[in-house]
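Keeping their order, the protein sequence lines are chains A and B.
If you're matching positions, the first sequence starts at 1 in our numbering and goes up one per residue.
If you're matching positions, the second sequence starts at 251 in our numbering and goes up one per residue.
Hints listed in this document are in silico derivations from the structure and should not be mistaken for laboratory results.
Don't take each hint at face value.
[Claimed, not checked] Distance ranges between label pairs, derived from CB positions:
hint, chain 1, residue 1, chain 2, residue 2, range
1, A, Arg90, B, Leu388, 47 to 57 angstroms
2, B, Phe295, A, His177, 22 to 32 angstroms
3, B, Ala377, A, Val81, 23 to 33 angstroms
4, A, Ser211, B, Met413, 51 to 61 angstroms
5, B, Leu384, A, Asp216, 50 to 60 angstroms
6, B, Ala377, A, Leu230, 34 to 44 angstroms
7, A, Val81, B, Asn263, 31 to 41 angstroms
8, A, Val81, B, Thr545, 14 to 24 angstroms
9, A, Lys128, B, Arg542, 51 to 61 angstroms
10, B, Leu411, A, Gln94, 32 to 42 angstroms
11, A, Gly95, B, Ile265, 32 to 42 angstroms
12, B, Gln520, A, Ala242, 26 to 36 angstroms
Even for Gly, the Cβ is constructed at its ideal location relative to N, Cα and C.
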Amino acid sequence: MKAARRGFAAGLWLLPMLLHPADARADVPLIADSSQPLVKISAGFVGTDVLVFGAKEGPGDVVIVVRGPVADYGVRRKQRVAGVWLNADRVDFQGVPSFYAVASSRPLDKVMTSAARSREGVGIDQLKLVPAEPVDAAEAEAFTAALIRIKQNTGLFGHEVEPVRVLADRLFRAEIHLPSNVPTGKYDVEVMLVRSDDLIAQTVYLEVNKSGFGADVYDFAHKQSAAYGLIAIFGALLAGWAAHLVFRKI
Amino acid sequence: MQIYLPIAEISLNVILLLSIGAAVGLLSGMFGVGGGFLLTPILIFIGVPPPIAVATQANQVVGSSVSGLLAHWSKDNVDFKMGSVLLAGGFIGSTVGVVLFGILKRIGQIDLVINLAYVLLLTSVGALMLFESLRAILRMRWRAGMPRKLHQHTWVHGLPLKMRFRRSRLYISALLPLALGFLIGVLAAIMGVGGAFLMVPAMIYLLGMPTRIVVGTSLFQTIFVTANVTFLQAVQNHTVDVFLAFLLLVGGVVGAQVGGRIGARLPAEQLRVLLALLVLLLGVSLALELVRTPTEIYSLTPAGGAP
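Using the sequences and the accompanying hints, generate a full structural model.
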């Protein structure tokens, strides 16, 4: 709702360009921005929708890819040994985007060829997830599928392609949902205008940060960890004592 | 109502956290166990990352143990001398345990060792306690009024360094509680819990302490063990979430007070049966968990070197 209002405001801001299409055409075939260049995670954070919007010149589809900061992951597989399930094999993956979502104005396979999707890294099936150490093909496939499945189930990889809505073949907008467990760091939002013969891309940056009291606590816990530990202990001692005082009177 | 936990990096429901704290606190006050062995799996189940769950429950248990201890202290049900000796052993034991933990982790399969340790200890301790206390109840019903021997003399009573523990009505070698504290300290460090659920039955059956005194005394030493764990985790791993701990505590201290009152009213033998059942139940469910085919056999861990 809030995002929608911002989207409307953004539309107004783009109005001069609509009124003077000739000027716009000369300079920028694609212009994009996001409603929240800085996503702040504070105490009440339950996830948020970031609105990615903009204007395009002429025909063509809009495809948006959001990638979170890369991280390394280990995927473990349990195996039954003597009746008991225990962690057996492990495959490591490096440089995996910690968050990944795609939005498109039309079904992806109608917009881009698989070669183009592979080149631009559009779609979960096009993520370059390669085991850090070589394993045989079937194993690599199983572990890669598991990595994607777990990421999707925790809401950090999109289950499906989100819609990009296009107004008057000119303005476009898409909402990208960032869940409450969204990793902090720098996000790339790649906005692509895909036409039959070429592709124009613009990258919008997005920063996800902790803010407010929670961020201060996080910083304190990492920088002054001994003091933080002592405060945690004395806080607990005080709380226990206070509870006793309260209950003694009842 | 959701709250974002800055260290755990997830949002959770405030009411849910308060209720979990209260339920675990109730058991803690009743039985003198810290409740970490219950709290850790529950927190992991609702989505708290395991390292955060282990460290934060320690912080929560500090508070609920203080609250429980004070309730027992006001009824003079704490043997501080016994608690201190157990604690001395516990500190040495947990230091050795932390080293062992590191070795097991390097070999791999620390998860399995922890799980098997839980299953073996919980089921054997639970079964033993259940059997013993049921027998004691039956014996009391059948032969009420028969004079009972206070305790039996064995080789244990020939050990040096004899000490008088007035509140526990014991005159035994200090080496005994020291060794007990050490052993449980080792196990507690490996399993990432305070270890009271092992300490309580050991104090009853191995040392022969009266059940009523055991609960308060166990809480006394649990405070120090969990405070130590909280500090080490905060400094080494930055895994203590004070927001999460505080919410669990608010529920927990209230629960512990109520639990302490219920515990003081229940007959000691019945209290033992209940604790035995709880411990046994947990052991069996963990054993089933190990054998049951998991819905997802793959799991994701952050690997080192992440920016």
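A quick look at each hint next to the structure:
{"no.": "1", "hint": "Arg90/A - Leu388/B: 47 to 57 angstroms", "in the structure": "holds, 52 angstroms"}
{"no.": "2", "hint": "Phe295/B - His177/A: 22 to 32 angstroms", "in the structure": "holds, 25 angstroms"}
{"no.": "3", "hint": "Ala377/B - Val81/A: 23 to 33 angstroms", "in the structure": "holds, 25 angstroms"}
{"no.": "4", "hint": "Ser211/A - Met413/B: 51 to 61 angstroms", "in the structure": "holds, 56 angstroms"}
{"no.": "5", "hint": "Leu384/B - Asp216/A: 50 to 60 angstroms", "in the structure": "holds, 54 angstroms"}
{"no.": "6", "hint": "Ala377/B - Leu230/A: 34 to 44 angstroms", "in the structure": "holds, 41 angstroms"}
{"no.": "7", "hint": "Val81/A - Asn263/B: 31 to 41 angstroms", "in the structure": "holds, 38 angstroms"}
{"no.": "8", "hint": "Val81/A - Thr545/B: 14 to 24 angstroms", "in the structure": "holds, 19 angstroms"}
{"no.": "9", "hint": "Lys128/A - Arg542/B: 51 to 61 angstroms", "in the structure": "violated, 36 angstroms"}
{"no.": "10", "hint": "Leu411/B - Gln94/A: 32 to 42 angstroms", "in the structure": "violated, 57 angstroms"}
{"no.": "11", "hint": "Gly95/A - Ile265/B: 32 to 42 angstroms", "in the structure": "holds, 40 angstroms"}
{"no.": "12", "hint": "Gln520/B - Ala242/A: 26 to 36 angstroms", "in the structure": "holds, 31 angstroms"}
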